[in-house]
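Trainee: One-letter residues, chain by chain:
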Amino acid sequence: MTDTSMHAGEGTVIRKTQRRWGESFIQGWLKACAGISIFTTAAIVILLVVESLGFFQNVSPIEFFFGTRWVPLLEPSSYGVLPLLWGTMLVTVGAAVIAIPTGLASAVYLSEYASDRVRRWAKPLLELLAGIPTVVYGYFALTFVTPMLKVILPDIQVFNALSAAIVVGIMILPTIATLSDNALRAVPVSLRQAAYALGATSYEVTTRVVVPAGLSGIMASFLLAISRAIGETMAVTIAAGQTPNLSLSMLESIQTMTAYIVQVSLGDTPSGGIAYQTLFAVGMVLFAITLIINIISQWILSRFREVYD
Amino acid sequence: MAFVSETEIRNLQKRHRKSRLFRRLCAGITWLSIALLAVLLIRIGMDGIGWLDWQFLNSFPSRFPSRAGIKSALVGTLWMSVLVAVISIPIGVSAALYLEEFAGRGRLARFIELNIANLSGVPSIVYGILGLAIFVRFFMLERSLISGALTMSLLILPTIIIASREAIRTVPQSIRYAALSLGATRWQTTWSHVLPASFPGIMTGVILALSRAIGETAPLIMIGALSFVAFLPQGPMDSFTALPIQIYNWVSRPQPEFHELAAAGIIVLLVVLLLMNAAAIYIRNKTERRLK
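Protein chains in written order, with the working numbering: chain W, 1 to 309; chain E, 1 to 292.
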């Protein structure tokens, strides 16, 4: 009697330990999968920093950050990154000028005015704009936007910053519209009702109560969209051209940081040369700028979020 | 009796006019943006539909527009999506399960979360640089399908993890308690209750992430997908091309015939994306019914 019960007890103990072993193995696997994100971040940072340091042994940081000529692939070479930064800035500012007012207006319409039925249709349709591959926007810019602009502005070049800015603006509009819409909808109805009760019109309620209350989410959506515009690659490569310059005109061909990276990788660049290293130096600038903007956007969200209960 | 003067009435009318104008402006801008989507699609449809036939789908790229096709690009994209799915789904869902079911709120979990949030904002071309240096050069996988698939998997992992976590979070706590109180271990609870209950949501997120991978161009250009491939890849170590690469190649040529070919390629790409999204909706509806 005692014997059998002991055996049964032992059996349970053994099965229990086996199961625990399997359990901890699986937990280890899950943890390792989550840890891949840390390795990816570390790999990106280490790779960009190490290869950029190699680049800076050949080119002085002063020339890189303050030089005004970017001629890395031809002799006499020159490695000033400012023209590329300028190109990226032209396109980004242009895109922001288009996407911020229209995106915010769409968000206001969706959250304040549209009926539930309209909203159910309009929001996914707007989001479709964000789901279209960027190479398609490049095609659209080159074969549709630029020819249209040529009718108004006959001086415009085949490759130009303006058409790139327009399509990048269309591309980031849904980001602003959906995220700002979420922010506006998080503002409690009681605030609106209070303002209406004081006799405010819907315009006054929206601009003086709802938008200020959702401002942290709105600002975060702007920053996120701007960081996307900075990192956007194919549309600007196709539409804006391959000419790094510090031109003030948006009608001329320029080159962005991303477009330069594509240009180098399309050519047969031997590993280890300075041209190959420029990839990482430019990539580091791009990574640093987008990372800083993303961190600021997360900070705004957590620091200035208005919490209503 | 309140007395309202003429000027006050006029003032009120002005404010209401302004309000109506604002409302119309916002509505107009929204519908204009949606109309842009229609213009874009119609324009591409008109440019490309004439080239879209069986010969186009079943031919390799060519110097002559009339003989060019997208067979190798289409097959490359299919290979690519299968490989990316096989790599990224198990890893992404596992990571999400760890963060939601096992990690708690410790420092490590918060650090991983922060990493994922930041990785989701890294431009895709930076992943391309990473793939070029790590997979193509360091692991010497060359310019192969597997290099591309690994790079794309890293790119979409944050999206998969974030979407899966949201799906897992919607599983009611009572289901976990029920399983645990019957003596199930945490993994048994997760595997046989939490995962099936969150499956529809996870699948939707995964398919949306995969459709992003199919449309991405820049990372593939970085790792060196070729644009002129007159053969079909036989295995993951072969070099390849993909739909967006082929489209880019045609767009960047000056001849208008190639631009029309690009439009035809874009139609194929959009149809593939549409089919995937339809599949996502179908799977979600079907599995949701079964669970209820």
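One should not assume that every hint holds.
[Said to hold, decoys possible] For the chain W half of the interface with chain E, some residues (derived, Cβ under 7 angstroms), not all of them:
(1) S115
(2) R117
(3) V145
(4) S227
(5) T258
(6) T290
[To be verified] Which stretches of chain E does chain W cover? Using the computed rule of at least three CB atoms under 8 angstroms from a CB of chain W, they are:
(7) 13 to 20
(8) 69 to 83
(9) 94 to 103
(10) 115 to 126
(11) 169 to 177
(12) 260 to 266
[Said to hold, decoys possible] Take a look, some chain E residues computed to stay more than 10 angstroms from chain W by CB distance:
(13) D53
(14) R186
(15) E216
(16) L275
Everything labelled a hint here was simulated from the structure, so no lab data went into it.
Idealized CB from N, CA, C, for every residue including glycine.
Trainee: Let me know if the C-beta of W/S227 comes in closer than 7 angstroms to any C-beta of chain E, holds or violated.
Mentor: 6 angstroms, holds
Trainee: For the region 115 to 126 of chain E, do three or more residues have a beta carbon lying closer than 8 angstroms to a beta carbon of chain W?
Mentor: Held - the region 115 to 126 of chain E has 11 residues with a Cβ nearer than 8 angstroms to chain W, which meets the minimum of three.
Trainee: Please count how many residues of the region 169 to 177 of chain E have a CB within 8 angstroms of a CB from chain W and say whether that reaches 3.
Mentor: violated (count 0)
Trainee: Go through the hint on W/T290 and say holds or violated, using the shortest Cβ distance to chain E against 7 angstroms.
Mentor: 6 angstroms, holds
Trainee: Confirm or reject: E/L275 is not an interface residue toward chain W, with every Cβ-Cβ distance exceeding 10 angstroms.
Mentor: 13 angstroms, holds
Trainee: Do three or more residues of the region 13 to 20 of chain E come closer than 8 angstroms to chain W, measuring C-beta to C-beta?
Mentor: holds (count 4)
Trainee: Can W/T258 be said to touch chain E, with a Cβ gap under 7 angstroms?
Mentor: Since chain E brings a Cβ to about 5 angstroms from W/T258, closer than 7 angstroms, the hint holds.
Trainee: Given that the region 260 to 266 of chain E was listed as covered by chain W, double-check it with a C-beta distance under 8 angstroms for 3 or more residues.
Mentor: Check passed, 3 qualifying residues.
Trainee: Determine whether the non-interface label on E/D53 survives the test: each CB of chain W must be over 10 angstroms from its CB.
Mentor: Nearest chain W Cβ is 20 angstroms from E/D53, so the label holds.
Trainee: Would you settle whether the hint for W/R117 is holds or violated, based on the nearest Cβ-Cβ distance to chain E being less than 7 angstroms?
Mentor: Nearest chain E Cβ about 14 angstroms off; hint violated.
Trainee: Three residues minimum, CB to CB under 8 angstroms: does the region 94 to 103 of chain E make the cut for coverage by chain W? Let me know.
Mentor: That given contact holds, which follows from 7 residues of the region 94 to 103 of chain E lying within Cβ reach (below 8 angstroms) of chain W.
Trainee: Is the hint on W/V145 kept, meaning its closest Cβ partner in chain E is under 7 angstroms away?
Mentor: 10 angstroms, violated
Hint compliance for this structure: hints 1, 2, 3, 8, 11, 14, 15 are broken, all remaining hints hold.
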